[in-house]
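Per our numbering, the very first residue in the sequence shown carries number 16; after that it's consecutive.
Don't take every hint at face value.
[Claimed, not checked] Below are the SDA-like pairs computed for lysine to any residue, each with C-alpha atoms no more than 20 Å apart in a straight line:
1. LYS24 / GLY73
2. LYS24 / THR53
3. LYS84 / THR20
4. LYS24 / THR51
5. LYS84 / GLN72
6. LYS84 / GLN55
7. LYS84 / GLU63
8. LYS24 / MET77
Just so you know, the hints here were simulated from the structure itself, not pulled from any lab data. From a predicted model like this one, the values you see are computed outputs, not experimental measurements.
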Amino acid sequence: MKHVTFADKDLLIGDEAAMVLLEYAAALSRSGQADTVTLQAYSGDGDEVEASFLLTQGTPIMAETSHNKLPEPDNAGAIEYMQRGLMRLSSPSPVMPEHDAMPDNYEDLELS
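Put together the whole structure using the sequences plus the hints.
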């Protein structure tokens, strides 16, 4: 488990979820984008909670090791969502032309 600090909140989430969260936050920041991710977690007093993270540029997040005996919350869906987002950010879809097709030869381009 990882002890995650986000704004003024401390939460416990699984190792993989914490590391993917940090990686996704960094990728969003580099691209100037934002997203929200909801994770299952334990609050500072041990309650099971659902935590929504707004990931934007300048959002401070820290994850540190924890020697806690609680079972890791199930965040498989959120991890998959963030991994898809990481793939999208690292290899964006090709840009498709809107309506006009490209001319078949160079002479047909209207460059002047």
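Quick rundown of the hints versus the structure:
no.	hint	in the structure
1	LYS24 / GLY73	holds, 16 Å
2	LYS24 / THR53	holds, 14 Å
3	LYS84 / THR20	holds, 19 Å
4	LYS24 / THR51	holds, 16 Å
5	LYS84 / GLN72	violated, 33 Å
6	LYS84 / GLN55	holds, 16 Å
7	LYS84 / GLU63	holds, 14 Å
8	LYS24 / MET77	holds, 11 Å
In summary, the structure is inconsistent with hint 5 from the numbered list given earlier, while agreeing with all the others.
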